[in-house]
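Peer 1: Going line by line, the protein sequences match chains A and B.
Under the numbering used here, the first residue of the first sequence carries the number 9, and numbering increases by one thereafter.
Under the numbering used here, the first residue of the second sequence carries the number 9, and numbering increases by one thereafter.
You may find that some hints are simply not true.
Treat identical chains as interchangeable: a pair holds within one or across any two.
[Claimed, not checked] Straight-line C-alpha distance at most 27 Å; calculated DSSO-like pairs for lysine-lysine:
| hint | residue 1 | residue 2 |
| --- | --- | --- |
| 1 | 226 | 106 |
| 2 | 230 | 65 |
| 3 | 277 | 65 |
| 4 | 149 | 277 |
| 5 | 119 | 45 |
| 6 | 201 | 261 |
| 7 | 45 | 106 |
| 8 | 242 | 48 |
| 9 | 102 | 124 |
| 10 | 22 | 124 |
| 11 | 261 | 13 |
| 12 | 187 | 261 |
| 13 | 27 | 226 |
| 14 | 124 | 218 |
Because the hints were derived from the structure by calculation, they are not lab data.
Number of protein chains: 2
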Amino acid sequence: MSYIKSLLIKPGHKVRLSKIDPDFTAGFKDDQSTQDKMAKHTARLRDLQYHLYAEGKQSLLICLQGLDGAGKDGTINHVLGAMNPQGTQVHGFKVPSKEEAAHDFLWRVHKVTPGKGTVTIFNRSHYEDVLVVRVHNLVPKSVWSQRYEMINEFERTLVSSGTRILKFYLHISPEEQLKRFAERLKDPARHWKISESDYSERQLWPEYTKAYEDCLSKTSTKHAPWYAIPSNNKWFRNLAVGKIVMETMREMKMKIPAPTIDIDDIERKYAAAVRSAKKMHRELNRID
Amino acid sequence: MSYIKSLLIKPGHKVRLSKIDPDFTAGFKDDQSTQDKMAKHTARLRDLQYHLYAEGKQSLLICLQGLDGAGKDGTINHVLGAMNPQGTQVHGFKVPSKEEAAHDFLWRVHKVTPGKGTVTIFNRSHYEDVLVVRVHNLVPKSVWSQRYEMINEFERTLVSSGTRILKFYLHISPEEQLKRFAERLKDPARHWKISESDYSERQLWPEYTKAYEDCLSKTSTKHAPWYAIPSNNKWFRNLAVGKIVMETMREMKMKIPAPTIDIDDIERKYAAAVRSAKKMHRELNRID
Chain A
9 MSYIKSLLIK
19 PGHKVRLSKI
29 DPDFTAGFKD
39 DQSTQDKMAK
49 HTARLRDLQY
59 HLYAEGKQSL
69 LICLQGLDGA
79 GKDGTINHVL
89 GAMNPQGTQV
99 HGFKVPSKEE
109 AAHDFLWRVH
119 KVTPGKGTVT
129 IFNRSHYEDV
139 LVVRVHNLVP
149 KSVWSQRYEM
159 INEFERTLVS
169 SGTRILKFYL
179 HISPEEQLKR
189 FAERLKDPAR
199 HWKISESDYS
209 ERQLWPEYTK
219 AYEDCLSKTS
229 TKHAPWYAIP
239 SNNKWFRNLA
249 VGKIVMETMR
259 EMKMKIPAPT
269 IDIDDIERKY
279 AAAVRSAKKM
289 HRELNRID
Chain B
9 MSYIKSLLIK
19 PGHKVRLSKI
29 DPDFTAGFKD
39 DQSTQDKMAK
49 HTARLRDLQY
59 HLYAEGKQSL
69 LICLQGLDGA
79 GKDGTINHVL
89 GAMNPQGTQV
99 HGFKVPSKEE
109 AAHDFLWRVH
119 KVTPGKGTVT
129 IFNRSHYEDV
139 LVVRVHNLVP
149 KSVWSQRYEM
159 INEFERTLVS
169 SGTRILKFYL
179 HISPEEQLKR
189 FAERLKDPAR
199 HWKISESDYS
209 ERQLWPEYTK
219 AYEDCLSKTS
229 TKHAPWYAIP
239 SNNKWFRNLA
249 VGKIVMETMR
259 EMKMKIPAPT
269 IDIDDIERKY
279 AAAVRSAKKM
289 HRELNRID
């Protein structure tokens, strides 16, 4: 579990993204050599989510953040796609609708937080309100700078009601981003995912870096930690996120509820009734 | 594709459930011999859902109905779990909340129908309002008997806006249900799923049979067909539902959108800007 710890942003720690190597793989070599581990994570995640669902007392919220091309969609598909869609939701946050914009920035987010027994993944999240909003000066500094504490308290509120929170920042290099954009453009199944704004946003890399550094530094808390995931290698990103989610869900120690009835008791009680229902059923069919 | 057609409830046809063999497997032998087919369905479903999502013009609504133990949860997990959770939602309908009960029976359903590009699975659905509601006399016949036409028109409204609808009735025998209840009770991971009401509901098997027969007869339409899936064998149920969903999504002929930008054009336009951003990024890091 040691490499996982090294990815955690320690609460109160001042993050410098330049110190985090996006090519880091914790000594793992490649996709092939980690496939067994990945398969184990997948099976374990499926089990754990079933336990969460069955227990119905806790929930898990996973926030995914990263620049365009960092691999948010891929992470959802590969790691979290392991779970049963029943009891799992993904919410994407795009430009707010008119109704959403008419409320505070946490309003649309709060509505879709996970209910007991479920896992919710945010593909982008309330953190955009201290990232894109800050970089593009959509609100003045006096507004966005107050949001870190609001977010911390909002998340504490969720945690106090039985929600566990995990936040992943997917870290890639500018070169890797450009490579991924080019790959998407050349792939007829994925070229629709890219637009000119992806390229113009690239020019703001330094501004986004500053905004992410402040965000991670100010909002990685004990109750809702950030992990910075080196993501130039997709297989390592999937491995690391899968392992962190798995370890976290293990710590949640879900318990399958006890049975509410006794089988022998039930069989005695309903045997006669069941026989008569079957008889009625047969008679009903004979009438035809 | 012939065995699929035999499972379709033809619009206007009067259904007799006693004529449908819950053990039917269309000549397929067992789980083992159909695993290759299942794997192909799974891969194909994943692709098709990606195309639906990418296109963003159509949606798919799948309604799952069946008595307790018929396999609704299992179908979602095995067949529809093949899809990416991003763009897929599952909604379960339980006893209506106070707010839901204060509205017409389609209100809570309408709110969660799939948006363009997405697949939504209803685990139980608006059909409970002509099934459990009828069997337990929760509203008078004069009320529930009018709902079939309301449902047909509601579904036509969804279809007219680009939603494709598939409805599956999972058909099991009373003996198979009892066997599954007993299995659940004996399995510590699943005994929580069963309660005394499951056994008391069994006594109403003939009433549910009548209610399902009317429901399937009156609401299998060209625009929103019902399929009756023989479900005593879980592997056949998964195979058949998977194939029907796959064939239906193929008919939807999704198209990946054309690219909005030209790669050479973009690279020329942004090469200088990107170089300068990288330079700024390096300088920013040097300042440390």
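Peer 1: State for each hint whether it applies.
Peer 2: Hint by hint, here is what the structure shows:
Within a single copy, residue 226 and residue 106 get their C-alpha atoms no closer than 29 Å, and across copies no closer than 41 Å, so neither meets the 27 Å cut-off. In this assembly of identical chains, residue 230 and residue 65 lie within 27 Å of each other by CA distance solely inside one copy; the values are 21 Å within and 42 Å between copies. With identical chains, the CA atoms of residue 277 and residue 65 are never at most 27 Å apart, being 31 Å at best within one copy and 53 Å at best between copies. Proximity of residue 149 and residue 277 under a CA criterion of 27 Å is satisfied in neither setting, with 69 Å inside one chain copy and 31 Å between copies.
For the homomeric pair residue 119 and residue 45, neither the shortest alpha-carbon distance inside one copy (35 Å) nor that between copies (40 Å) is at most 27 Å. For the homomeric pair residue 201 and residue 261, the shortest alpha-carbon distance between copies (19 Å) is at most 27 Å, but the shortest distance inside one copy (39 Å) is not. In the homo-oligomer, the alpha carbons of residue 45 and residue 106 never lie at most 27 Å apart, since the shortest distance is 45 Å inside one protomer and 47 Å across protomers. Taking the closest pair of Cα atoms, residue 242 and residue 48 come within 27 Å of each other both inside a single copy (18 Å) and across two copies (25 Å).
Taking the shortest Cα distances, residue 102 and residue 124 sit within 27 Å of each other both inside one copy (25 Å) and across copies (15 Å). In this assembly of identical chains, the alpha carbons of residue 22 and residue 124 never lie at most 27 Å apart, being 34 Å within a copy and 42 Å across copies at closest. Proximity of residue 261 and residue 13 under a CA criterion of 27 Å is satisfied intra-copy only: 20 Å inside one chain copy versus 47 Å between copies. When the C-alpha separation of residue 187 and residue 261 is checked against a cutoff of 27 Å, the pair qualifies neither within a copy, at 41 Å, nor between copies, at 31 Å.
In this homomeric assembly, residue 27 and residue 226 come within 27 Å of each other (Cα to Cα) only inside a single copy, at 17 Å, whereas the closest approach across copies is 66 Å. In this assembly of identical chains, the alpha carbons of residue 124 and residue 218 never lie at most 27 Å apart, being 36 Å within a copy and 36 Å across copies at closest.
This entry does not satisfy hints 1, 3, 4, 5, 7, 10, 12, 14, going by the numbered hints stated previously.
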